[in-house]
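Start from chain A and add chains B and C according to the hints.
Residue numbers (our numbering), protein chains in the order written: chain A, 589 to 975; chain B, 454 to 723; chain C, 26 to 122.
Be careful, since some hints might not be right.
[Said to hold, decoys possible] Keeping only pairs whose Cα atoms sit at most 27 Å apart, straight-line, the calculated DSSO-like set for lysine-lysine is:
hint, chain 1, residue 1, chain 2, residue 2
1, A, K704, A, K690
2, B, K588, B, K553
3, A, K718, A, K932
4, B, K490, B, K578
5, A, K721, A, K958
6, C, K33, C, K78
7, A, K955, B, K553
8, B, K490, A, K958
9, A, K704, B, K490
10, A, K690, A, K952
11, C, K101, C, K82
12, A, K718, A, K704
13, A, K932, C, K33
14, A, K721, A, K952
15, A, K704, B, K588
Keep in mind that the hints were calculated from the coordinates and are not lab data.
Listed here are the chains, written in short residue letters.
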Amino acid sequence: MSNQLTAFERSDGRWGLRNHVLILPLHSAFSATARKIADDSSGAVAVSHDWSGEIDGDFDRIVKTISGFAANPNNFATIFITIGTPNELAIIELAKKIGLGKFEVLNVAELGSMSKIADIGLQMANSLLKEAKASQRISAPWSAIKLGQECGGSDALSGITANPALGVASDRLVELGSSSVLGETTEILGAEHLLAARAITPEIGARIVETVARYERSINYEGIDMRGAQPSRGNIEGGLTTLEEKSLGAAKKAGSAQFSGVFEYADQVVNPGLYFMDTPGHDTEQLTGFAAAGINIVVFTTGRGTPTGSAIVPTIKVATNTTMASAIPDLIDLNAGTIADGLKTLADVGGELFDLILEVANGKLTKAEKGLHHEFSLSRMYNTVIR
Amino acid sequence: MSMNGFDHGNRGIGVRNHQLILPSVVCSTRVSSRIAKELGAVTFAHQHGCGFIGNDVGRITDYFAALANHPNVSSTLIVGLGCETLQGNELADKLLSKNKSTNYLVTQESGGVQGTVDSGVASAKDLQNRFPTPKVSLPRLHLGIDLSNESPVVTDLVAALADVGVDVTVSSSHKNSGLNFSDLMEAGVHVILSFPDSNQPASGFPLIPTINVASNSPLHLALTDDFDLSASSSVAEIIEKIYAVVNGELTKVEAIGAGEIIAAREVRSV
Amino acid sequence: MLSILMRKVLVLNESDNIAVCLVDLDIGEVIAQDGLNLTIQNRIPRGHKVASKDIAKDAGIIKYGERMGHATSDIKIGEHVHTHNVLGDRLSTEQVK
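Isolated chain A (complex conformation) (with noise of 0.2 Å):
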């Protein structure tokens, strides 16, 4: 047991970093109403989404987001909005499995209008936030904590201040008995074969490795230049020239602690350990499956900047130069470019960052949740072929 670590316990032996009352629209239609339930509620958060109920490719791995997002353990409790097809009520009964907390259906066909639900939410809303602010954090161990690792908008320093950062933190926190997972397969292509060496089997390794060539693959397929998009346009800016080579900075975010396995998007993280899951490189997509997996707290390294968050994971902004930290502060949790400025060493910054995790998995709010930034962004293959 830490004595600086204070959490919510689930009834499930899950712990909650935060006790949030979710909103969650089981179909597009109702995202305005939870907005609005969410807006005029004492703190409740809400996401928008525009899934209608299609079963095409995708619509596994949608099911599987949607319902893990709901069950994290940052949820205190969860308000499902649903017209009550098969499918949906499917997403609730998927979510009781891997651990849902408090939950509420309202289901419009049996309420009778979508304004009807708004004055139901509202009234449900507010009473689950009571309950919520009753119920106390107490003391939890390490294990409670499973930190998220990405990176968005980086640039050349991304290799050299912030991600190096955030292995030290992951690194520590791994040691003490968390769980840490690094993602955003993209972005590990070209330093594969670095992270599948750190493997504690060799049949992890190859899944590492495997997980990137079938990315390749289905990209190749495609037959279609990714510069612009990977590296991005500010990437290049920011000196990153091609996709190896801003993997082998993101690849640091991981620290050096061994590989104890891989996921799958949106598989639910359980064990202590460093992971890696295969998830996309764009930010609100990996962030999505992150929450979906039962992570409850990301460390989000930048280097040109950027404000986007999660409704229900609180999200740690790392500048990775000290220009962008001082010219756009308002985003930025914490400057990694003291490292490069020569002021701090990676071993300071990192125990700096450490520090950092440990007060906001207590409660402290980051830059992200304060500006009410809860992008949310379902992941689809739409028609890529996956080899």
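Only chains B and C this time, still in chain A's reference frame:
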């Protein structure tokens, strides 16, 4: 039957007078919603603009351009982040060649989140002042019909509409109303008449007033309050509702703001 | 050890053939540190790469001691190394305009 219109210059004459705050990338959707809230302008959540490749980049750029150039739009403020694949300034330059009532902001170059919200509100107000919208009469109505669901009334309705000089575009390529709405938006329709699929709720499109006609499905019968018309509505009643909506009556989904923008994609995000 | 503060460029690994510019560098600036002795041949923005050795066409670009792509033309020591003279080995086909 005289119809109210708003003269939006090169965009044409619209039936609504919406200022559009257009987030050119998912990372500026929150900033855009804060700007829109202060002005009562229209914006929308989406997940595009970055980490996408191939035809999708041009397709989404053209889609956003169609939104910005829609006749129901008075002026457009584009809000980008700065490092994304789809550059807000490039989209703005493309639009400025057609519509002067366009401007853009990049979060990374305008002082971060709060700085962009403040200058965004100021810039949007400036657009409203510099490009006032005179009220005019609408010479010809362009109606879009979302045929996600079959309805016996449609054939007679289309004939009756033609008689009174209404241009009609029908979209039935998708079972998903959202995608049909997007096709109809790109066709520039003023108003949408939607026949949602039997197990789909009523929904709409942020810029275009959408009239929902219920079927006799159990779901629709349970949701009557969300529908403007029912399966038994006559051609005359439908046309009467269309004119009322053209002249300012809010549709049920319009009043709630229900309906997200769904942009079609081909390839996964990278 | 020269503290980073005084440095204009950063050599990440001794087997690298590029160095990362920590500040904007102008034509003619001389870099003499960490065994480097070169003159900047073109304007190089902060964060971008400068060739710390002559790099032949098709030769690998080495950063962090690892290969990150290859030169698409001969590159002289002191020259800017970026999308105009380098291509990734994987998933990169045309030159970015």
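Going through the hints against the structure:
1. K704/A <-> K690/A: Roughly 22 Å separates the two Cα atoms, so the pair holds.
2. K588/B <-> K553/B: 19 Å, holds
3. K718/A <-> K932/A: 44 Å, violated
4. K490/B <-> K578/B: Measuring from Cα to Cα gives roughly 13 Å; hence the hint holds.
5. K721/A <-> K958/A: 18 Å, holds
6. K33/C <-> K78/C: 17 Å, holds
7. K955/A <-> K553/B: 35 Å, violated
8. K490/B <-> K958/A: Given pair K490/B, K958/A holds - Cα atoms ~17 Å apart, limit 27 Å.
9. K704/A <-> K490/B: OK: K704/A and K490/B at ~23 Å, within 27 Å.
10. K690/A <-> K952/A: The hint holds at about 24 Å.
11. K101/C <-> K82/C: 10 Å, holds
12. K718/A <-> K704/A: Measuring from Cα to Cα gives roughly 22 Å; hence the hint holds.
13. K932/A <-> K33/C: 17 Å, holds
14. K721/A <-> K952/A: 16 Å, holds
15. K704/A <-> K588/B: Violated, at roughly 35 Å.
Hint compliance for this structure: hints 3, 7, 15 are not met, and every other hint is.
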